[in-house]
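Visitor: Work out the full structure, taking the sequences as your base and the hints as a guide.
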Amino acid sequence: MCCMYKWKFLLETNVDARSIRNHLNKETNKTSRNKIHILDYLAYTTSQDGNIEHALSLTEEMLTTERKDDMITNNKQNLKLFPTVSRTKNYKINNARLDGYFEEREIYEKLCQHNGTQLSQKSQAKLFRRYRPCIY
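Final position of the sequence shown in this note's numbering is 172; the numbers increase by one with none missing.
A portion of the hints provided could be inaccurate.
Computed spacing ranges between beta-carbons, pair by pair [to be verified]:
{"no.": "1", "residue 1": "156", "residue 2": "84", "range": "36 to 42 Å"}
{"no.": "2", "residue 1": "90", "residue 2": "146", "range": "29 to 35 Å"}
{"no.": "3", "residue 1": "55", "residue 2": "159", "range": "27 to 33 Å"}
{"no.": "4", "residue 1": "97", "residue 2": "158", "range": "19 to 25 Å"}
{"no.": "5", "residue 1": "90", "residue 2": "156", "range": "19 to 25 Å"}
These aren't lab readings, by the way, just hints derived from the structure by calculation.
The beta carbon of each residue, even a glycine, is placed where N, CA and C say it ideally should be.
Guide: Here is the structure:
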(Lines of atoms letter the chains of each structure in order from A and count residues from 1; the text may use other names and numbers.)
(Lines give C-alpha, C1' and ligand atoms only; values in the text may rest on other atoms or scores of the structure.)
Protein backbone atom coordinates (compact mmCIF):
# COMPACT_ATOMS: atom_id res chain seq x y z
CA MET A 1 0.00 0.00 0.00
CA CYS A 2 1.32 3.43 -0.89
CA CYS A 3 2.29 6.02 1.69
CA MET A 4 -0.49 8.33 0.47
CA TYR A 5 -3.14 5.93 1.77
CA LYS A 6 -1.50 5.80 5.20
CA TRP A 7 -1.36 9.55 5.75
CA LYS A 8 -3.87 11.07 8.12
CA PHE A 9 -3.79 14.44 6.37
CA LEU A 10 -6.07 13.86 3.39
CA LEU A 11 -6.05 17.52 2.43
CA GLU A 12 -2.27 17.54 2.09
CA THR A 13 -2.41 14.24 0.22
CA ASN A 14 -4.94 15.73 -2.16
CA VAL A 15 -2.71 18.76 -2.75
CA ASP A 16 0.30 16.49 -3.34
CA ALA A 17 -1.59 14.30 -5.80
CA ARG A 18 -2.80 17.37 -7.69
CA SER A 19 0.72 18.77 -7.96
CA ILE A 20 2.01 15.37 -9.14
CA ARG A 21 -0.80 15.22 -11.71
CA ASN A 22 0.05 18.71 -13.00
CA HIS A 23 3.72 17.74 -13.18
CA LEU A 24 2.86 14.54 -15.08
CA ASN A 25 0.69 16.46 -17.56
CA LYS A 26 3.66 18.71 -18.38
CA GLU A 27 6.02 15.80 -19.05
CA THR A 28 6.81 14.78 -22.60
CA ASN A 29 7.50 11.13 -21.73
CA LYS A 30 4.07 10.15 -20.40
CA THR A 31 3.16 6.75 -19.03
CA SER A 32 -0.49 5.84 -18.58
CA ARG A 33 0.19 3.61 -15.58
CA ASN A 34 1.58 6.51 -13.52
CA LYS A 35 -1.41 8.64 -14.46
CA ILE A 36 -3.79 5.91 -13.29
CA HIS A 37 -2.07 5.67 -9.90
CA ILE A 38 -2.19 9.44 -9.43
CA LEU A 39 -5.84 9.61 -10.45
CA ASP A 40 -6.56 6.74 -8.05
CA TYR A 41 -4.97 8.66 -5.16
CA LEU A 42 -6.93 11.77 -6.10
CA ALA A 43 -10.20 9.83 -6.36
CA TYR A 44 -9.60 8.20 -2.98
CA THR A 45 -8.76 11.42 -1.16
CA THR A 46 -11.63 13.37 -2.69
CA SER A 47 -14.08 10.58 -1.84
CA GLN A 48 -12.78 10.50 1.74
CA ASP A 49 -13.13 14.27 1.82
CA GLY A 50 -16.80 13.91 0.85
CA ASN A 51 -16.74 15.02 -2.79
CA ILE A 52 -18.18 11.90 -4.40
CA GLU A 53 -19.05 13.61 -7.71
CA HIS A 54 -15.46 14.71 -8.29
CA ALA A 55 -14.15 11.27 -7.29
CA LEU A 56 -16.54 9.70 -9.80
CA SER A 57 -15.31 12.03 -12.57
CA LEU A 58 -11.70 11.11 -11.75
CA THR A 59 -12.65 7.43 -11.94
CA GLU A 60 -14.25 8.08 -15.34
CA GLU A 61 -10.99 9.69 -16.46
CA MET A 62 -9.12 6.57 -15.29
CA LEU A 63 -11.47 4.42 -17.37
CA THR A 64 -10.79 6.50 -20.48
CA THR A 65 -7.06 5.91 -19.96
CA GLU A 66 -7.31 2.17 -19.32
CA ARG A 67 -10.59 0.33 -19.90
CA LYS A 68 -9.68 -3.23 -18.90
CA ASP A 69 -8.71 -2.63 -15.27
CA ASP A 70 -11.05 -4.40 -12.81
CA MET A 71 -9.99 -2.19 -9.91
CA ILE A 72 -11.15 0.95 -11.71
CA THR A 73 -14.46 -0.64 -12.69
CA ASN A 74 -15.06 -1.72 -9.08
CA ASN A 75 -14.18 1.77 -7.82
CA LYS A 76 -16.74 3.25 -10.19
CA GLN A 77 -19.45 0.86 -9.04
CA ASN A 78 -18.67 1.57 -5.37
CA LEU A 79 -18.73 5.33 -5.89
CA LYS A 80 -22.08 5.10 -7.70
CA LEU A 81 -23.52 3.11 -4.79
CA PHE A 82 -22.25 5.54 -2.15
CA PRO A 83 -25.05 8.17 -2.43
CA THR A 84 -27.78 5.53 -2.04
CA VAL A 85 -26.04 4.00 0.98
CA SER A 86 -25.51 7.41 2.55
CA ARG A 87 -29.22 8.28 2.17
CA THR A 88 -30.35 5.04 3.81
CA LYS A 89 -27.94 5.29 6.74
CA ASN A 90 -28.33 9.08 7.30
CA TYR A 91 -24.63 9.48 6.64
CA LYS A 92 -23.41 13.08 6.75
CA ILE A 93 -20.46 14.17 4.66
CA ASN A 94 -17.80 15.77 6.81
CA ASN A 95 -16.02 18.31 4.64
CA ALA A 96 -15.16 20.76 7.39
CA ARG A 97 -12.04 22.87 7.13
CA LEU A 98 -10.32 24.66 9.95
CA ASP A 99 -10.72 28.40 9.44
CA GLY A 100 -7.23 29.46 10.43
CA TYR A 101 -5.43 26.44 9.00
CA PHE A 102 -4.34 27.98 5.71
CA GLU A 103 -3.25 31.32 7.18
CA GLU A 104 -1.23 29.58 9.87
CA ARG A 105 0.28 27.20 7.34
CA GLU A 106 1.40 30.09 5.11
CA ILE A 107 3.18 31.69 8.07
CA TYR A 108 4.99 28.45 8.91
CA GLU A 109 5.91 27.87 5.26
CA LYS A 110 7.44 31.35 5.06
CA LEU A 111 9.39 30.72 8.24
CA CYS A 112 10.65 27.33 7.08
CA GLN A 113 11.62 28.61 3.64
CA HIS A 114 13.25 31.76 5.08
CA ASN A 115 11.14 34.10 2.93
CA GLY A 116 11.42 37.62 4.35
CA THR A 117 12.08 36.55 7.92
CA GLN A 118 15.19 36.83 10.03
CA LEU A 119 15.52 34.52 13.00
CA SER A 120 18.35 33.85 15.36
CA GLN A 121 20.31 30.64 14.91
CA LYS A 122 18.80 29.25 18.11
CA SER A 123 15.24 29.92 16.91
CA GLN A 124 15.98 28.49 13.47
CA ALA A 125 17.25 25.26 15.01
CA LYS A 126 13.85 24.74 16.67
CA LEU A 127 11.89 25.08 13.42
CA PHE A 128 11.40 22.17 11.07
CA ARG A 129 9.05 21.45 8.22
CA ARG A 130 6.60 18.71 9.06
CA TYR A 131 4.88 18.61 5.67
CA ARG A 132 7.11 17.28 2.88
CA PRO A 133 5.62 17.05 -0.61
CA CYS A 134 6.41 14.04 -2.77
CA ILE A 135 7.89 16.15 -5.58
CA TYR A 136 10.54 18.68 -4.70
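Visitor: Each hint: holds or not?
Guide: Hints and how they fare:
no., hint, verdict
1, 156 with 84: 36 to 42 Å, "holds, 41 Å"
2, 90 with 146: 29 to 35 Å, "holds, 30 Å"
3, 55 with 159: 27 to 33 Å, "holds, 29 Å"
4, 97 with 158: 19 to 25 Å, "violated, 50 Å"
5, 90 with 156: 19 to 25 Å, "violated, 45 Å"
In the structure shown, a violation is registered for the earlier hints numbered 4 and 5, in ascending order.
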